[in-house]
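S.K.: Spelled out from the first residue to the last, the chains are:
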Amino acid sequence: MAKSAFYEFYKGIFEQNPVFTLVLGLCPTLAVTTSLVNGFGMGVATLFVLVSSSLIVSVFRKRIPNEIRIPVFILIIATFVTSTDLIMAAYSPALSKSLGIFIPLIVVNCIVLGRVEAFSAKKNVFRSILDAAGMGVGFTLTLILLGGLREVLGTGSIIASGRVLASLPITGASAMIITPGAFMTLGLLLATSKRLRRMLK
Amino acid sequence: MSILAILVSAIFVNNFVLQKALGICPFLGVSRKTSTALGMGVAVIFVMTMASTASSLLSIYFLRPLGLEYLKTIVFILVIASLVQFVETIILKKSRALYNALGIYLPLITTNCAILGVVLINFSKTYGFIESVVHGFGAGVGFTLALLLMSGIRERLELADVPESLEGLPVAFITAGILALSFLGFSGMIKV
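Top to bottom, those sequences are chains V and Z.
Last residue of the first sequence? That's 204 in my numbering, and every number before it is there in order.
Last residue of the second sequence? That's 249 in my numbering, and every number before it is there in order.
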């Protein structure tokens, strides 16, 4: 408990990164990272749901009866997911279309329920928000990394809102854009992160 | 699309795990042994079919006529959670043997995104009642197929000499990638 508040935020980015160390939230990680922009959009949507649900759960943590806490958490999360879904459909229809059912599926993203259950239900509001924000940012950065890698290997360049951000002198391997490429890229990234962690120790 | 096409497409062409990347957590979590993989698979087929049935009735007679489509996520997750609880209670009362075989998998299923996924796909494609049920059943069979294939491979992988950094999940992901690549061979079977 003596850990600094700042630690609650930055631990989610590398030390306890939700994808690389906790191996949570894999379905959206694999399914929507077909491009950098999609990865970013999904990450931000999850970040929003995570922070808002953590805030509400943490505020009401003493009033929610223990026996029915899981259904209550799921309803709180589902409410924010529905608002995210509607906001995205209104302000960025193209992104909303390409993310498809994976926006409503944030409800069953284990990262959100996991953090709410393990952290916000027990700690104060300030720390809960920092924890949720850290996890959300860690998740977003991972999705951007995975999406960027897959896009550049699959198409030869990274394009964000009509501008080319990076390009490689290769013909893209379209297998990287579809699901098999997602599995393999994430497998290799996990192995890299494992090796990196061992070297840092 | 005919009923048969929906069934074959859900099992092979658009396999939930290997092509749509849904239900990855149980796919990696319970694919270490073939026996547990089969138990999980049967439980998922059961719940997916039931969830598709219930949610399609709800969307045909309740959500669409009242213009409440935007409540779909909340309604469906409640349906799935209560359905799982209901099925668990019924099985416990009626068949002890079945409960011992499936019981431990049922609570895990509520947060299996493949279940909510199949229900949401039924909704967004505006499938009718029979189409939804068949799609739910097919998706469950496809999930079981992928789980069984993966568990067979992982049982062998336990004995293999894997580089240290790749041990455990990384090599499982790469294996799943190769499996998914081989499932692409089915993609010409049906035009979707």
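These aren't lab readings, by the way, just hints derived from the structure by calculation.
Keep in mind that this is a model prediction, so the values were computed, not measured.
Honestly, I wouldn't trust all of these hints.
Once the Cα atoms are required to be at most 30 Å apart in a straight line, the calculated DSSO-like pairs of lysine-lysine come out as [said to hold, decoys possible]: (1) Lys197(V) with Lys65(V); (2) Lys197(V) with Lys90(Z); (3) Lys100(V) with Lys90(Z); (4) Lys14(V) with Lys204(V).
Where chain V lies over chain Z, by a calculated footprint (3+ residues, C-beta under 8 Å) [unchecked claim]: (5) 61-68; (6) 107-120; (7) 175-186; (8) 205-219; (9) 225-231.
Backbone N, C-alpha and C define an ideal beta-carbon position, used for all residues, glycine too.
S.K.: None of the hints should be skipped; say for each whether it holds.
M.R.: How the hints compare with the structure:
1. Lys197(V) with Lys65(V): Since the Cα atoms of Lys197(V) and Lys65(V) sit roughly 38 Å apart, the hinted pair is violated (cutoff 30 Å).
2. Lys197(V) with Lys90(Z): Given that 30 Å is the threshold and the Cα spacing comes to 24 Å, the pair holds.
3. Lys100(V) with Lys90(Z): violated (38 Å)
4. Lys14(V) with Lys204(V): holds (16 Å)
5. 61-68: Coverage by chain V is violated for the segment 61-68 of chain Z (0 residues, Cβ < 8 Å).
6. 107-120: violated (count 0)
7. 175-186: holds (count 3)
8. 205-219: As far as the segment 205-219 of chain Z goes, the hint is violated, because 0 residues have Cβ atoms under 8 Å from chain V.
9. 225-231: holds (count 6)
Hint compliance for this structure: hints 1, 3, 5, 6, 8 are not met, and every other hint is.
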